[in-house]
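Participant: Residue numbers (the working numbering), protein chains in the order written: chain A, 1 to 385; chain B, 1001 to 1132.
Because the hints were derived from the structure by calculation, they are not lab data.
Among the hints, erroneous ones may be present.
When the alpha-carbon atoms are kept at most 27 Å apart in a straight line, the in silico DSS-like pairs for lysine-lysine are as follows [stated by the list, open to error]:
1. Lys-265(A) with Lys-1039(B)
2. Lys-251(A) with Lys-1103(B)
3. Lys-1020(B) with Lys-251(A)
4. Lys-1099(B) with Lys-302(A)
5. Lys-251(A) with Lys-1053(B)
6. Lys-1053(B) with Lys-1020(B)
7. Lys-1053(B) with Lys-302(A)
8. Lys-251(A) with Lys-1099(B)
9. Lys-1081(B) with Lys-251(A)
10. Lys-1026(B) with Lys-251(A)
11. Lys-251(A) with Lys-1039(B)
12. Lys-356(A) with Lys-185(A)
13. Lys-260(A) with Lys-1026(B)
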Amino acid sequence: MKEIAVIGIGITKFGELWEKSLRDIAVESAINCLEDAGIDRIDSINIGCMSSGLFVGQEHLASLIADYLGRLDIPSSRIESACASGSLAVRSACMEIATGVSDYALAIGVEKMTDVSMGGATYALATAADQDYEAFHGITFPGLYAMLARAHMERYGTTREQLAQVSVKNHYNGSMNPNAQFPFKITQDTVLNSTMIADPLRLMDCSPVTDGAAAVLLTTVEQAKKLKKHPLVVITGFGSATDSIALSHRKELTELQAVKTSAAKALKMAGKTIDDIDFAEVHDCFTIAEILVLESMGIIGKGKGGPATVDGYTALDGKFPVNPSGGLKSKGHPVGATGVAQIFELVNQLRGNSEKRQIPGVKAGLAQNMGGSGGSSVCHILELK
Amino acid sequence: MNVPRHWRETPERYRMEAAKCRKCGKISFPARLICPECKNKVFDKINLSGKGKLLTYTIIRTAPEGFVDIAPYAVGIVEMKEGVRVMGQITDCDLLSLKTGDKLISRFRRINEEGKTGLIMYAYKFVPDVGI
Chain A
1 MKEIAVIGIG ITKFGELWEK SLRDIAVESA INCLEDAGID RIDSINIGCM
51 SSGLFVGQEH LASLIADYLG RLDIPSSRIE SACASGSLAV RSACMEIATG
101 VSDYALAIGV EKMTDVSMGG ATYALATAAD QDYEAFHGIT FPGLYAMLAR
151 AHMERYGTTR EQLAQVSVKN HYNGSMNPNA QFPFKITQDT VLNSTMIADP
201 LRLMDCSPVT DGAAAVLLTT VEQAKKLKKH PLVVITGFGS ATDSIALSHR
251 KELTELQAVK TSAAKALKMA GKTIDDIDFA EVHDCFTIAE ILVLESMGII
301 GKGKGGPATV DGYTALDGKF PVNPSGGLKS KGHPVGATGV AQIFELVNQL
351 RGNSEKRQIP GVKAGLAQNM GGSGGSSVCH ILELK
Chain B
1001 MNVPRHWRET PERYRMEAAK CRKCGKISFP ARLICPECKN KVFDKINLSG
1051 KGKLLTYTII RTAPEGFVDI APYAVGIVEM KEGVRVMGQI TDCDLLSLKT
1101 GDKLISRFRR INEEGKTGLI MYAYKFVPDV GI
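Only chain B is shown next, with the shape it has when bound in the complex (with noise of 0.2 Å):
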């Protein structure tokens, strides 16, 4: 991964920065230049909450390169309060107690680095939300 492409995607990825269709209201994360709902091209922009349920899920067992080391992971598709939908690993919890339909929130974290003088890619993962 070069710095540039990384970086470029630091909006989303830090923040969770999506887009809101200025005309028909569609969130789309992350942001595009055409509403898929209505195709109109003004947009602002909102952050997420970080907030929402989980809709389903996989532990990843045998990992691409880079996630070797954290398998096993699960990783799911996270419906937001906002009504979105973001795919990212879920973390900080017993695996083989999810269940679909469990309340997440996001967190900042460390996804993947390139050994010791590479980049370290940061991004959101989801966490059980007990409320705190």
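Next comes chain A alone, as it looks inside the complex (with noise of 0.2 Å):
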């Protein structure tokens, strides 16, 4: 198997983009991805994108973005698995490079959210569930969440507050990222007096409809090491598993399992254990996903994710930070994109590029991006060689 180099990343501004269209973002970010890169070839197209039938009425995204790509002649392809879509279209880009089928694979993580309606886009994300035994009886995706968040409060007594500061943390951060939605600060109060939307989880424990996209170019080391344009990043380990759709169906509700087994696999081909990493991208759709994240993959012990929170050892300048780019709450969360953004976080880091946000001295990072309510999750490490 080839070993795989980042060697270009282009992303959008996450927002509500009312003057772009699908097409027009995700060619966006293949085009700074491709400047970045400084390099104009690409052998095959790994599309990620959840639900563009819903949002936007257009399937067929390997063919209408291949042909705004101006790359008509070569493999094009669209993976979905909701909100993991774009990091399984990275999986999928590192299958291309490492199996030598493609010297260059670009993988574009898209959505187009704010074309339909606030109900319109709900019901496209209740999708994610089980449909016929989850959303026919009137759940939504912060309904799902709430349901673990309530266990988790009653199993390890997180509170109101630990789960508010996960969302202070992340908006902090975001703070610092010109391409985040909502690139500001808030308050504990700020969370804790917002909108109950599906009790325990109120507004701001919730990450937005957003629309963006965002790029990765991927080739193999021997060939990014005669490219002298960036600091040599390398994914070392991809990770993959899957858990029941329905909540119902899970032994445990304070754990996700896929992310447990999808982290502990991207480790094992990294050669590495979670202390040899020093930060991560990890999927923040609500809160109390961060904290379950967290406690999944072994970053922080069962049930002490909230108090760790709380005493900063996921902050930016923590022992372990996490989501530096503000995460899905503050950067935004265009589902198809976020996993392919995480990628960008991590690389803008390692090469030490992060501005007023980078953290210092990071050698080793990982990202993980899960869809549905852990039903599916894919995690990625990266390194800087």
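Fit chain to chain and form the complex, with the hints in mind.
Facilitator: Here it is, written out as structure tokens:
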């Protein structure tokens, strides 16, 4: 298997991009990525997108995006695993490089969510749950995570204030990210006084509805070494796993099994343990999700995620910084783009290009991206070589 | 929702029909073709008792399309007496006094309707089990 390097990264502004279409943002992120790489060659296109069909009535992105990229002669495919679609597209691009099928593989993550009403977006997102046995009964995504939050609070004594601090931390980080949808700081009171969405989760516990796209260009480490444009960043491990789509079929409600397994696989492939990792971008679609993910991956002990957040363990200047980009909460969550945007942040941090939110001296980072209520999870380990 | 899509789920939705693995005894709700525990493919149909206890729940304040008129409403995961877990709404109670561990029983209720000429969808909801 060939070793994989990331040689280009690109992203769009995240937010309500009313003047731009799905194809506009997908192509814009790819142009930024190719310019960053200083390479104008792609051998395959791997597109992560959750639900362009429901959000803009457009399927067949393989053709649409290839066409508007002006690359009609190469393999193009769309990869879907709900909110984990982006990182699965990166994994697919990794396979292209590892197997030698492509010398240069492009992964694009994209979602255009604001062309529908809030009700339409809620409906589209709910398709990541079991339609016949969860959504049928009127459950929403905030509702599913609210049930996980209640279970965690009752089992471990996690408090409302501790959950709020996840959001406060991520907004602080995001306030230094020019691409973020909500680049401003908030206080604990902002979270605790925001509208109740699904008890015990409030509006400011929830990631927003966002338009955005991100892209990364991969090649072999051998090829990347010949390019001197950027410090060499290598994908040394990736792991992917699934769990039951329905929460009612999980044996455990205070741990996400797919997250645990996908992280273990990625670490094993990289020949590392979690202690060797300096920082992470994780899937904080809701405040409780960041706590569940950190505990499931073994970064923090079971039930300790809330207190550790309050103590600053996961802060930008903490022992293990989490979501330096601002996470899904502040940066925004264009679902199919999120996994690729996490890789963008990891590469920028490892290159030392993250300006005000740069974590000093980082050598190894982990990205964790999940679908639904944890029904799928994909992890990548990136290292500076 | 078209008619066959709702109609084909009626054994589960109307009488909580589940599948019990003939080899390991694991109950699946809804029925599956492969037992998630032992991978066996032969099952017996059973009807769940409808009795169970509340494991976790939420109160939906911002409801999806089709449920806006009944919000706020509670949705929870109920562990049935038979061991299998089922997600459903919890009704006929003071939502704010709900607690995990509460004893609940299923009742046949209207879940959703598609306007005056559309489908009316019925299924189980859970209510407090007061032992009557």
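Participant: All hints are to be evaluated individually against the structure, with a verdict given for each.
Facilitator: Results of checking the hints against the structure:
1. Lys-265(A) with Lys-1039(B): With Cα atoms ~24 Å apart, Lys-265(A) and Lys-1039(B) stay inside 27 Å; holds.
2. Lys-251(A) with Lys-1103(B): The given pair, whose Cα atoms are some 20 Å apart, holds under the 27 Å limit.
3. Lys-1020(B) with Lys-251(A): holds (18 Å)
4. Lys-1099(B) with Lys-302(A): holds (23 Å)
5. Lys-251(A) with Lys-1053(B): With Cα atoms ~15 Å apart, Lys-251(A) and Lys-1053(B) stay inside 27 Å; holds.
6. Lys-1053(B) with Lys-1020(B): holds (20 Å)
7. Lys-1053(B) with Lys-302(A): holds (25 Å)
8. Lys-251(A) with Lys-1099(B): Holds, because 20 Å separates the two Cα atoms, which is no more than 27 Å.
9. Lys-1081(B) with Lys-251(A): holds (16 Å)
10. Lys-1026(B) with Lys-251(A): holds (13 Å)
11. Lys-251(A) with Lys-1039(B): Since the Cα atoms of Lys-251(A) and Lys-1039(B) sit roughly 17 Å apart, the hinted pair holds (cutoff 27 Å).
12. Lys-356(A) with Lys-185(A): holds (14 Å)
13. Lys-260(A) with Lys-1026(B): holds (25 Å)
In summary, this structure violates none of the numbered hints.
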